[in-house]
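K.L.:
Following the hints, put chain B in place on chain A, whose structure we already have.
So you can see what is in the structure, the chains are spelled out below.
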Amino acid sequence: MSKNSEFVKFDKVDKSYDGKVLVVKDLNLDISEGEFITMLGPSGSGKTTCLMMLAGFETPTNGEIYLDSNPISNIPPHKRGIGMVFQNYALFPHMTVYENLAFPLKVRKVSKDEIDKKVDKALSMVSLTGFENRMPGQLSGGQQQRVAVARALVFDPAVVLMDEPLGALDKNLRESMQYEIKHIHESIGVTVVYVTHDQGEALTMSNRIAVFNDGKVQQLSSPDKLYEEPVNSFVAEFIGENNTFQGEVSDISNGKCKVKLKEGEIVANPINVKSKGDKTTVSIRPERALINPSQKMDNNYKGKIEEVIYHGDHTRVRLKVLGNSDFILKVPNSSQNIDIKLGNTINISWNSTDARALDPK
Amino acid sequence: MSSETKQILTTDGIPLEVSLKKAEKKNKIKAFLLVAPLLLFLIITYIFPIGEMLFRSVDDRMVTNMLPKTFQAMEKWDGKELPPEEVFEAFYLDYKFLVEKKTFGKLATQLNYEKNGFKSILKKLQRKMKKFEQGNYKEQIMNVHKRWANVEYWRAIKRRAPDITYSKYLKAMDMYENEDGKISQVSEDRRVHRILWLRTLEIAFFVTILCFLMAYPIAHLLATLPMKYSNLLMICVLLPFWTSLLVRTASWMILLQQQGIVNDFFVWIGLVGEENRPEMMYNKTGTYVAMTQILLPFMVLPLYSVMKTISPSLMRAGKSLGGTPFVAFWKVYFPLTIPGIGAGCLLVFILAIGYYITPALVGGASGTLISNQIAFHMKSTLDWSFASAMGLMLLTGVLVIYWIYNKLVGVDNIKLG
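Protein chains in written order, with our numbering: chain A, 1 to 361; chain B, 1001 to 1417.
This is chain A alone, in the form it adopts within the complex (with noise of 0.2 Å):
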């Protein structure tokens, strides 16, 4: 059976609520079946407009969503057949977790034999069996969350939408939980839309991620490029930490440019620079700036030292480098870097392919 590439399609879509402002501008996103997508955007971005979208709660103003080749504008939400984790869980405070299982199910009379298993089945898989008969009330955050994702997996979804499902959660529980999601996307090969502004569980989740910022989608792209390969400055400074310095190319030849700063000149990566004389903010990730590097590199300053973080398993050091003192270092903890001082003057390097030219801010 081969993947539907394009299984959830927004076609151009445009979302306005008050006919002044979009929410969401010329939206154009393929999902394919199975796929683990997660929409990652600051608040206000569009996100979960989209995803609301997609539910049936919200009509586009302009444009068609496909579901499996089927336009759905038309189709209301208990017709579309997909799943959907809320924010605060939406669990039924007055059904046991059984019934709020079983609900789905009753309202497509399946038979009472059937909604036993499929509940049983669906419970064991966030490991809740023998809650069957507890209230929400009852339970904690961490499994009431199970239960509002088991109820939107038991009747078998074609799709499965997340709206910040682990917002209201505390940090050790939020990160189990994201494993726990992803092997259940992984073992029951759902496509699932998650929505989030935790880049972190982004990283973690997902087969691709859409960063939404200002109602458009800024990038579309695996974890690892969305975080190696930033395509502009917006995505670079939302996505993990980001060193930057605003300047103007001064010479672009051969894949490199050379950017001119207040003081002093890097070497570059032209990403979004096509010509001499462009404004541009260059982007270098902190873990890919070394101190006293083995190896060659091709851009080589001092810095001074100007504060020290301990984190544990790594330092963090601030430097002044070329006029910008924010500049920031991950040094791992090991016995080689004693000379980390306050006040103390190092060398650093990078390679220009790390140092990323991109749109002005």
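Among the hints, a few may not be true.
Covered stretches of chain A (in silico footprint by chain B; criterion: 3 or more residues with CB under 8 Å from a CB of chain B, positions within the stretch not fixed) [as the list claims (entries may be wrong)]:
{"hint": "1", "segment": "82 to 90"}
{"hint": "2", "segment": "93 to 105"}
Listed next, the in silico EDC-like pairs over lysine to aspartate or glutamate satisfying Cα-Cα at most 20 Å (straight line) [stated by the list, open to error]:
{"hint": "3", "chain 1": "B", "residue 1": "1171", "chain 2": "B", "residue 2": "1059"}
{"hint": "4", "chain 1": "B", "residue 1": "1076", "chain 2": "B", "residue 2": "1094"}
{"hint": "5", "chain 1": "B", "residue 1": "1331", "chain 2": "A", "residue 2": "99"}
{"hint": "6", "chain 1": "B", "residue 1": "1228", "chain 2": "A", "residue 2": "18"}
{"hint": "7", "chain 1": "B", "residue 1": "1128", "chain 2": "B", "residue 2": "1114"}
{"hint": "8", "chain 1": "A", "residue 1": "225", "chain 2": "A", "residue 2": "359"}
{"hint": "9", "chain 1": "A", "residue 1": "361", "chain 2": "A", "residue 2": "214"}
{"hint": "10", "chain 1": "B", "residue 1": "1158", "chain 2": "B", "residue 2": "1060"}
{"hint": "11", "chain 1": "B", "residue 1": "1331", "chain 2": "A", "residue 2": "132"}
Hints listed in this document are in silico derivations from the structure and should not be mistaken for laboratory results. Note that beta-carbon positions come from the ideal geometry of N, C-alpha and C, so glycine has one too.
P.N.:
Same frame as chain A, but now just chain B:
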């Protein structure tokens, strides 16, 4: 093991429980003193009047005290035939004393409650009594009026002998204790109270239903509309609260009368002819319309407060899981509003069952309730004990409803806001 069974001591060696009680004592006294004024207020204004009402409804010492000798003489009388001479003599002496003290009018009123016709024969007796001779009072009294020779009137007097009576309660149920001490119904043309009780229950019930049907969508709108609209709607709901009850009822009188606005409108749209404008006032219709409107906020507010707490994502969840909008409403939303429905219905029903001003003004003859009857006996006939008895029956009815409600829904589930 032994350490567990041993009494736990504080560091000073005092048993922990004693120490805890001592520490809490001050707080308890403080708390009590804080609520004491309210408690006192409740006792004076609520518990005491109700107790007084209960007492008044069964208290029957007035007649007992007025005719002490008569009742003493009557103890031996079996009540089958006319009482012997001693009873007549005792009655003569008691009544003479009352006439001298000029309080015989009260006796006439009281005995007349018991049996119609006492007033005139007692008056006549008072006039003729001045010429009575010593001895053979039985014959002399019977000569005053033929009713004095009717054994039923003497039985009626005897019935008032005990200090305590429940005859008022029987009367409120259109029953009485007949000559043989059996409880039986009054003649059909005089059964007015039972009709009133049933009508009160019926109107309270249907007003509750009508209020519920109207309030549910309003409360839902209030809970789901955006703030700027819902505030306006809330003001519309609460506006009647800021207007006097009397004014609101009077405005219904203007609207509902035969030449009123509503009738004009019906004629204008051709629903009814000019000649046969329906009567919407001074009957049940008027009572229904006005009471429903006046009691509506009491249903809207508890419903609103419950609906406000229901997350909109629950309905969405219901729909996304495959429930049609109706199924999502019926299986998810509606069950969650039951505490509000319970509170609202209980509130409206209890208020409706004792409603007074509105039915009195727009109810006419066929739209008055038991409370109007109570007021009638308080103000016009001055039979306060009868009014008290009916009031207590009403109170008991409300308590019974509360009890049933508690069994069915559970009072803990009520949410008033």
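K.L.:
All hints are to be evaluated individually against the structure, with a verdict given for each.
P.N.:
Here is what the structure says about each hint:
1. 82 to 90: holds (count 7)
2. 93 to 105: Check passed, 4 qualifying residues.
3. B:1171 with B:1059: Given that 20 Å is the threshold and the Cα spacing comes to 15 Å, the pair holds.
4. B:1076 with B:1094: At roughly 18 Å apart (the allowed maximum being 20 Å), residue 1094 of chain B and residue 1076 of chain B satisfy the hint.
5. B:1331 with A:99: Holds. Residue 1331 of chain B to residue 99 of chain A sits at ~11 Å (cutoff 20 Å).
6. B:1228 with A:18: 16 Å, holds
7. B:1128 with B:1114: 23 Å, violated
8. A:225 with A:359: Holds - the C-alpha atoms of residue 359 of chain A and residue 225 of chain A are around 18 Å apart, at most 20 Å.
9. A:361 with A:214: Status holds; Cα separation ~14 Å.
10. B:1158 with B:1060: Status holds; Cα separation ~12 Å.
11. B:1331 with A:132: Distance ~19 Å between residue 1331 of chain B and residue 132 of chain A Cα, so the pair holds.
Violation of the numbered hints given earlier is confined to hint 7; every other hint is satisfied by the structure.
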